[in-house]
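This is what each chain is made of:
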Amino acid sequence: MNESLLAEKHVMYVKDLFRHPAYLIHFMADHLKMNALYWGLGTLFLLKHQKEFERSEVIQFVISCIDESNGGFGAAPKHDAHMLSTLSAIQVLKMYDAIDELTDEQKDRVINFVKSMQLEDGSFQGDRFGEVDTRFVYNAIQCLSLLEALTPEIVNPAVEWILQCQNFDGCFGMVPGAESHAAQAFTCLGVLAITNNLDKLPNCELLEWWLSDRQIEGGGLNGRPEKLPDVCYSWWVLSSLSMLGKLHYIDGAKLQGFILSCQDDSKGGISDRPDKEVDVYHTFFGIAGLSLLGYGDLTPINPIYCLPVSVTDTIKQYPYRFT
Amino acid sequence: MSFVRGYSQNSSFESIHGREKSAKLSESEALKRMEMERPKVDKYKELNELVLNSKLNKIYNKQSFELITKLLEINPELYTVWNYRKEYLINEIDGMNEINKHEILENELYFVLKQLKKFPKSYWIWNHRIWCLKLDNLSDWENELKLIKQFLTVDSRNFHVWSYRRFIIKCMKDISKDSDIIDFEEFKFTTSMINKDISNYSAWHNRSKLIEMLFNKSPVLSKDDVGDNKLFQYLLIFNNKDINEFLIKELELFKTAIYTDPDDSSVWFYMKWLISEYFLNKIENDEKIDIITKLINDIKELNELEIEDNENGNDNKWCLISIVYLMKQLYKIDKLLVNLDEFNNYLTILQKIDPMKRNRYIELNI
Numbered sequence: 001m002n003e004s005l006l007a008e009k010h011v012m013y014v015k016d017l018f019r020h021p022a023y024l025i026h027f028m029a030d031h032l033k034m035n036a037l038y039w040g041l042g043t044l045f046l047l048k049h050q051k052e053f054e055r056s057e058v059i060q061f062v063i064s065c066i067d068e069s070n071g072g073f074g075a076a077p078k079h080d081a082h083m084l085s086t087l088s089a090i091q092v093l094k095m096y097d098a099i100d101e102l103t104d105e106q107k108d109r110v111i112n113f114v115k116s117m118q119l120e121d122g123s124f125q126g127d128r129f130g131e132v133d134t135r136f137v138y139n140a141i142q143c144l145s146l147l148e149a150l151t152p153e154i155v156n157p158a159v160e161w162i163l164q165c166q167n168f169d170g171c172f173g174m175v176p177g178a179e180s181h182a183a184q185a186f187t188c189l190g191v192l193a194i195t196n197n198l199d200k201l202p203n204c205e206l207l208e209w210w211l212s213d214r215q216i217e218g219g220g221l222n223g224r225p226e227k228l229p230d231v232c233y234s235w236w237v238l239s240s241l242s243m244l245g246k247l248h249y250i251d252g253a254k255l256q257g258f259i260l261s262c263q264d265d266s267k268g269g270i271s272d273r274p275d276k277e278v279d280v281y282h283t284f285f286g287i288a289g290l291s292l293l294g295y296g297d298l299t300p301i302n303p304i305y306c307l308p309v310s311v312t313d314t315i316k317q318y319p320y321r322f323t
Numbered sequence: 001m002s003f004v005r006g007y008s009q010n011s012s013f014e015s016i017h018g019r020e021k022s023a024k025l026s027e028s029e030a031l032k033r034m035e036m037e038r039p040k041v042d043k044y045k046e047l048n049e050l051v052l053n054s055k056l057n058k059i060y061n062k063q064s065f066e067l068i069t070k071l072l073e074i075n076p077e078l079y080t081v082w083n084y085r086k087e088y089l090i091n092e093i094d095g096m097n098e099i100n101k102h103e104i105l106e107n108e109l110y111f112v113l114k115q116l117k118k119f120p121k122s123y124w125i126w127n128h129r130i131w132c133l134k135l136d137n138l139s140d141w142e143n144e145l146k147l148i149k150q151f152l153t154v155d156s157r158n159f160h161v162w163s164y165r166r167f168i169i170k171c172m173k174d175i176s177k178d179s180d181i182i183d184f185e186e187f188k189f190t191t192s193m194i195n196k197d198i199s200n201y202s203a204w205h206n207r208s209k210l211i212e213m214l215f216n217k218s219p220v221l222s223k224d225d226v227g228d229n230k231l232f233q234y235l236l237i238f239n240n241k242d243i244n245e246f247l248i249k250e251l252e253l254f255k256t257a258i259y260t261d262p263d264d265s266s267v268w269f270y271m272k273w274l275i276s277e278y279f280l281n282k283i284e285n286d287e288k289i290d291i292i293t294k295l296i297n298d299i300k301e302l303n304e305l306e307i308e309d310n311e312n313g314n315d316n317k318w319c320l321i322s323i324v325y326l327m328k329q330l331y332k333i334d335k336l337l338v339n340l341d342e343f344n345n346y347l348t349i350l351q352k353i354d355p356m357k358r359n360r361y362i363e364l365n366i
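If you're matching them up, the sequences are chains A and B in order. In terms of the numbering used here, the first sequence opens at residue 1 and continues consecutively. In terms of the numbering used here, the second sequence opens at residue 1 and continues consecutively.
FYI, nobody ran anything at the bench for these hints, they're computed from the structure. The reader is advised that the hints may include incorrect statements.
[As the list claims (entries may be wrong)] Quick look at which bits of chain B chain A covers, simulated, 3 or more residues with Cβ under 8 angstroms: (1) 36-44; (2) 95-108; (3) 307-314.
[To be verified] Cross-link-like lysine-lysine pairs, in silico, DSSO-like; alpha carbons within 30 angstroms at most: (4) K9(A) x K21(B); (5) K352(B) x K246(A); (6) K24(B) x K254(A); (7) K276(A) x K316(A).
Just so you know, even glycine gets a beta-carbon here, dropped at the ideal spot from N, CA and C.
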């Protein structure tokens, strides 16, 4: 069992993912490229290896994913714009301090794309085909925050809708009426935190206890009651507790041990559970969790934006003061 | 896209849950695998390019539809290709009468079902099914409910399936004059799911939503209509909006559940809701006190049995967490009803038997 972070191995693992595709599985993963780039680059930033990729090449790739029909970003060139890939694209640009590499027209178009996804009830759809989910509200609100384009007309109905997603146990579902899920705690609290509305949240204590009860025997966290632990909840639960100021409600050392035990000491990378296959999603969220726990000398991460604190320091705080 | 020289030797971007670990390949093994997969890769790349290009060129003919089908059968996660399929279908059903439209969308549901059976947790596929049903005015809702039952038999906690069920129920309610009967049928359904497995948190969740709706509006039915006597009692409670009776009855179910498995967290969370301000604000003080005091005694009794059963003689964590919660609720009604030494003693024990969450017990104030 690994007791320390295999940082160099994880850097090698991430680099391997962004070489030329070789196997069928590489070619079949186009629909995840933009998200994977955010997870991969995020991992490198947290491990202080952000120079591994050529900045200009990454920016060029991101811009090549703009969906010319509406101005949003797709997961890969020729793929349709979606809220999930649009947020990842803007986050990648923000990490490189490269939002201004977009032309004014490109910026206006992506802002309009995001705004156009808001529905009458305040929620957001993922694309024009109507799927609604608190994830997409979070995508939209963070995107507009990074682009400094939040307005009360967008924010107020979105916040009202988010509050309707809270359940009997204090946590949140994907839509009003849907079952609580720890990842939805992150997206909903994130929307409230970005828009400076956390004080509107009722039943905080109920939610804090429900979230801390995600830590089960062995120290790992699960996403819903009576489910198995999974490394990605190290982020969704931990960031939520952190936004509520209750990071100390779970045992950080035990969780750290669980995350480290999910490392692959030969290939690098982190898996969902010990001795399973690794992927870049669990690698990023595992290391992000360790960063929030203050492990080693990892780059500190912001629990609301899931970006390095050095990156989020420059974000304009909402509500904006006009001078 | 590549930001690093050379070829990838290991996994892809795919997010993997629960798959067995693969060994790291040496450079020569990786080259061998690459060579072996080349014919498949070439075919896939060709098909992928063909489909994406014909999407960009807005080609909506039978041949492109077949290629879309072929590609999605290989890779159902390609959301852009599902979108292309939607564009094709919108084009095809444009101007058609309801019956012809229904026929085409029914075929589409058949294709979607085949994919769902292989990938029951894919957001895109469930999403496509919902999209189809929204377009069709002749949908067979009962058939969808049957299908949901099958999926829940395979995985009773799949949240895609539960979400889909709520969507179907909403569609049925939208076109029904008796939407409250549908709500009550759903209440019956959650009761049967809970009776099958008291640990099904998804069912407890749905129950909480249905109870809110039924207290708002419930159908008037005869005992014969309902069939089951227990359920008929519930119906009368909803009809009379009798919160006190409801809590007494629901806490009987709770008691059965905690005696079945005291370590299962689901039902303990549910109890917290039953004894929350949401219900308590609607009943008299003496009713509140009766209910909570009896409940505390029931849980203490169970905890005694647990102490006897446990090898190390420890208290049951969930029993104590719940007693502490109930004492807090009691304290809000009348401070004199709570023995603070006893309360603090429970918190001290909890710090010992649930050390990972030590800090929240230290911080808890009455």
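### Task
If any of the earlier hints don't hold here, list their numbers in rising order.
Hint check: 2, 3 and 7 fail, others pass.
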